[in-house]
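Chains as they are written, first to last, in this note's numbering: chain A, 1 to 301; chain B, 1 to 675.
These aren't lab readings, by the way, just hints derived from the structure by calculation. Small disclaimer: the values here were computed from a predicted structure and weren't measured. Be careful, since some hints might not be right.
Covered stretches of chain B (chain A as the covering partner; in silico rule of three or more C-beta atoms under 8 angstroms from a C-beta of chain A) [said to hold, decoys possible]:
| hint | stretch |
| --- | --- |
| 1 | 519-532 |
| 2 | 549-561 |
| 3 | 577-591 |
Cross-link-like lysine to any residue pairs, in silico, SDA-like; alpha carbons within 20 angstroms at most [as the list claims (entries may be wrong)]:
| hint | chain 1 | residue 1 | chain 2 | residue 2 |
| --- | --- | --- | --- | --- |
| 4 | B | Lys-550 | A | Leu-207 |
| 5 | B | Lys-376 | A | Phe-56 |
| 6 | B | Lys-376 | A | Leu-207 |
| 7 | A | Lys-46 | A | Ile-60 |
| 8 | A | Lys-46 | B | Ile-538 |
| 9 | A | Lys-193 | A | Leu-214 |
C-beta: ideal position from N, C-alpha, C; glycine also.
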Amino acid sequence: MLSALLIVIAAIFFTGIIIRTKSLASGRKGPQIMQPVLDVIRLFRKGVVYSETTSFIFQIAPTIYFASVVMAMLVVPFGQSSGVLSFNGDFIFFAYVLALGKFFSIIAAMDTGSSFEGMGASREALYSMFAEPAFFILMGSLALLSGHTSFQEIFTALHIGSQISYALAALATFVILMIAMIESSRMPIDDPKTHLELTMIHEVMILDNSGFDLGLILTTGYLKFAIYGALIVNLFIGVIPYQYAIPSFFAIQFLMAVTIGIIESFMARFRMSHNPQFIVALTSVSLLIFFGVLLILNKFM
Amino acid sequence: MNLVIAFLLVPFTGMLLIPFLKVNGKGILTFALLSVNALISGYLAIQSLIGDDIVFSFPGSLITGDIPIRIDALSGWFILIISLVFLTGCFYGLFYMKAYKEQKNNLSLHAIAFLFQYTSLVSICMIQNSFVFLLAWEVMALTSFLVIIFDHEHLATIKAGINYLIQAHFSIVFLMIGFIWVASKTGSYDFQSITTYSQSISGPASVMFFLFFFTGFALKAGFVPFHTWLPYAHPAAPSHVSGMMSGVIIKIGIFGIMRMLLVIKTDYVTVGYIILILSLVSGLYGVMLAIVQHNLKKLLAYHSIENIGIIGIGIGIGSIGLGTGNQVLATLGFAGALLHTLNHALFKSLLFYTAGNVYLATHTLDIEKLGGLIKKMPQTALLFLVAAIAISGIPPFNGFVSEFIIYSGVYNWLSDASLVSLLLAVSTTSGLAMIGGLAMLCFTKAFGVVFLGSARSELPASCSEVPFAQLIPLYILAGMIIAIGLFPMAFISLLSHPVSLFTGTSGFGLSPAQVTVFKAIQPVSWASWILILLVISIYTIRRFALSQRKITTGTTWGCGYEAGTPKIQYTAGSFVRSYSKLFSPFLQIGKHEDEVKGIFPPPAHYHTHPYDKVERWLIDEPLKHNKSFMGRFVFLHNGKLQFYILYGVIFILAVISIPFIYEKVYSFIELLKQL
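With the sequences and hints as input, model every part of the structure.
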């Protein structure tokens with residue numbers, strides 16, 4: 001329960017902090033931290049416009065997309081306190097329930113019959129497919145290292161204290177951060193602020209969404225960030241008591257938001273054709289983690 | 001025993017009656033007879049599935065010896081799957097075949113072949129005498145051929161049918177070698193003698209022995225590289241038949257492999273590794289090729305290969321669990337494989353039936369020509385969507401449940417110590433993840449292009465939803481898909497006996513290993529429930545919120561361009577273009593392109609023809625060489641009767657004189673030796 005609450009709180013500020021960081025980096029004052037949330041509230045109050053081409057798929061897709069991410073949030077633990085749902089293999093459920101949301105956002109984009117949105121859908125389907133093996137190898141290595149197969153047990157058992165395991169945690173952080181960037185369609189895979197439909201991935205898929213539906217989709221994006229942030233936090237906090245764990249949760253989330261903001265300010269988006277290479281490279285980083293685990297466990301003897 | 005005789009008599013009754021009935025009567029009688037048979041076999045199957053094995057023996061002839069009939073839990077499970085798919089398929093076929101009611105004789109043949117196909121399939125699950133088993137297997141292969149070539153006026157259908165027939169007989173050759181091997185060593189056709197024989201050999205010989213059977217059954221199941229018949233046969237057959245081909249016929253190969261794992265005592269670890277690696281390759285290769293297909297049924301056929309791969313992964317890790325004595329791994333592996341067999345039978349037949357609806361309405365299966373069908377056929381679209389989500393292994397439907405069990409098995413396997421199995425386990429998980437991701441790409445393409453957007457070509461004006469009665473079997477299948485997703489426990493408890501056949505814990509009650517499966521899957525069903533409740537509640541909130549807002553409709557955003565035509569939509573080819581560029585080493589796509597040239601360009605064209613690299617190197621190239629070699633003897637085949645009589649005479653002379661010459665040569669060599 002605690003984790004869900006913390007993730008929601010973090011999600012409220014996360015995107016605002018990214019935007020503020022980017023504004024400061026480019027020498028502007030920038031909107032207030034709460035602006036993204038205010039935007040969503042404004043959208044919830046608005047009417048909607050549907051394209052004539054669309055069907056009921058288009059209307060139900062944002063709901064399912066949102067529900068799937070909320071569902072994924074429910075299995076993420078926080079230190080000693082497990083998620084609302086915690087069971088062996090819950091990380092498999094985590095990945096697959098996110099896939100449900102993606103499935104619907106892709107077909108909703110196809111539903112509009114727009115060539116732009118079809119293009120975005122095609123890219124989203126391809127890139128998320130590449131990101132999945134990295135996640136499964138990462139979780140498999142952590143499961144092997146800790147001897148458990150649920151998020152909470154894996155994370156609480158991770159503290160072995162050798163230098164290699166910290167190196168692994170750093171690599172794992174990198175992998176999860178990059179998966180978060182792919183899943184939330186940020187730099188260097190996708191640029192949410194690009195001005196041209198041809199160069200977008202996620203933004204172009206939701207061109208025709210408006211009002212309440214758009215609000216749901218934006219909220220989902222904020223939540224996704226905080227969920228992956230919470231996974232990273234879990235890599236480090238282990239079983240330390242709450243009075244330290246909760247502040248460090250927010251500290252790490254803040255740090256992550258600032259990092260993303262800085263990356264987006266000083267980096268350009270990759271060429272579309274380079275994205276798959278980058279994402280496949282991610283899989284090799286997680287393979288590196290796997291071999292690191294094998295080293296720790298002396299499996300090469 | 002009487003029940004079994006009655007069961008065998010039913011199709012003969014059908015054979016006598018069906019030709020004399022009117023068209024409607026033929027269909028109804030077929031369905032009635034099939035229901036009778038399904039009831040009989042279902043009764044036997046359920047008995048065996050709850051633990052009462054049925055064992056008795058027919059007194060056979062001099063050649064066959066006694067014919068033991070043993071219906072154990074494994075047979076029961078497969079008989080139930082076969083019966084379910086055949087019943088729904090037959091009911092669907094009643095309507096699907098209305099378009100062909102002119103061809104009366106053809107329909108009679110089809111109906112009779114259909115009944116015999118069902119009977120032979122169920123018999124294969126029961127018979128444990130290798131001679132009679134092969135007979136039933138042959139009946140199954142021939143009747144399948146007959147039902148596939150229903151539409152035999154098309155050259156492509158006949159070609160696909162003959163391709164299937166040849167490969168089916170390759171499968172029989174391998175099985176025959178295996179069975180003759182045993183019979184020549186033990187002198188008995190009973191499956192039990194296979195067990196006793198396999199215990200007497202060990203090492204590579206024993207693995208080889210298993211591989212003969214495995215290859216035979218894998219040809220039927222469609223493991224890569226034995227799959228090349230499958231993408232032709234499925235699209236060529238009428239839709240209800242393709243649903244059953246994919247749902248059941250290829251599963252009989254899986255049944256054979258599992259039966260042989262039970263019967264043959266061999267080095268399970270090596271065998272498990274082989275099955276696992278082949279399955280991974282099948283899974284990945286199947287879905288990779290599925291993505292680039294433009295024919296809806298061919299796309300689904302390649303997906304069958306992928307799902308056979310997933311089932312095979314379950315069998316592989318189960319077998320490794322058996323070999324290493326890891327009960328939990330064996331349970332998870334076999335339970336996952338068996339459940340996925342059922343699941344695949346459900347969603348794949350549903351997909352083929354919906355594809356059949358699309359074909360009936362639009363008379364085309366080329367997905368590049370379709371689009372926007374969701375508005376004309378909303379129920380078909382919804383059913384296709386359910387099956388598409390299920391086949392991509394996404395919760396809350398059944399595909400996720402079985403894939404989850406297999407994943408749990410693989411992660412459980414990680415506690416195994418050896419480096420090789422760890423590497424294999426990690427490649428299996430990432431392979432499974434890749435398969436899931438690719439399946440999603442494939443089915444978002446299929447659903448998005450066929451049902452969403454607007455039509456990409458002029459569709460017939462009569463294009464509309466099929467009658468409700470035709471949709472009933474489809475709704476039953478969809479209901480089962482959802483039921484397994486939401487109440488997996490009920491179905492997994494049915495699996496406890498089939499699985500314990502492998503793991504060796506017998507009797508009632510659950511073994512500790514099975515308890516782990518239950519514990520693993522229980523929370524997943526809760527999670528699925530929560531997910532559904534969440535979706536419903538959010539949707540209700542949304543409806544409430546929108547009820548007070550203004551809802552308007554407009555054109556799709558086109559960067560301000562308002563006069564878009566359906567032609568500017570993303571096509572299936574463009575949807576997977578970046579994919580096919582990336583995976584080009586594995587694919588073979590022929591292209592025909594007329595570029596846009598000049599100031600006043602003429603019409604331009606762009607066609608792609610996906611082809612199978614394995615088929616090219618394994619079938620086409622050897623065939624070409626074989627043909628060019630055989631071509632040198634064409635002069636013998638000159639069409640003159642006199643020559644043929646001469647060949648006959650030469651043959652007879654040769655047959656008579658060979659022993660004679662042999663004797664002479666032999667005595668000559670003896671003479672030389674004496675010298």
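Evaluation of the provided hints:
1. Counting residues of the stretch 519-532 of chain B whose beta-carbon sits less than 8 angstroms from any beta-carbon of chain A gives 9, enough to reach three: the coverage restraint holds.
2. Remark: the stretch 549-561 of chain B is confirmed as covered by chain A, as 11 of its residues place a Cβ nearer than 8 angstroms to a Cβ of that chain, reaching the required three.
3. Check on the stretch 577-591 of chain B: 4 of its residues sit with their Cβ under 8 angstroms from a Cβ of chain A, so the three-residue criterion for coverage holds.
4. Distance restraint check for Lys-550/B and Leu-207/A: the Cα-Cα separation of roughly 19 angstroms lies within the 20 angstroms cut-off, and the hinted pair is therefore satisfied.
5. Pair hint Lys-376/B plus Phe-56/A holds up; C-alpha atoms about 13 angstroms apart against a cutoff of 20 angstroms.
6. About 25 angstroms separates the Cα atoms of Lys-376/B and Leu-207/A, which puts this hinted pair outside 20 angstroms; it is violated.
7. Pair hint Lys-46/A plus Ile-60/A holds up; C-alpha atoms about 18 angstroms apart against a cutoff of 20 angstroms.
8. Under the criterion of a C-alpha separation no larger than 20 angstroms, the hint pairing Lys-46/A with Ile-538/B is consistent with the structure, at around 17 angstroms.
9. Note on Lys-193/A and Leu-214/A: the hinted pairing holds, with a Cα-Cα distance of about 16 angstroms set against a maximum of 20 angstroms.
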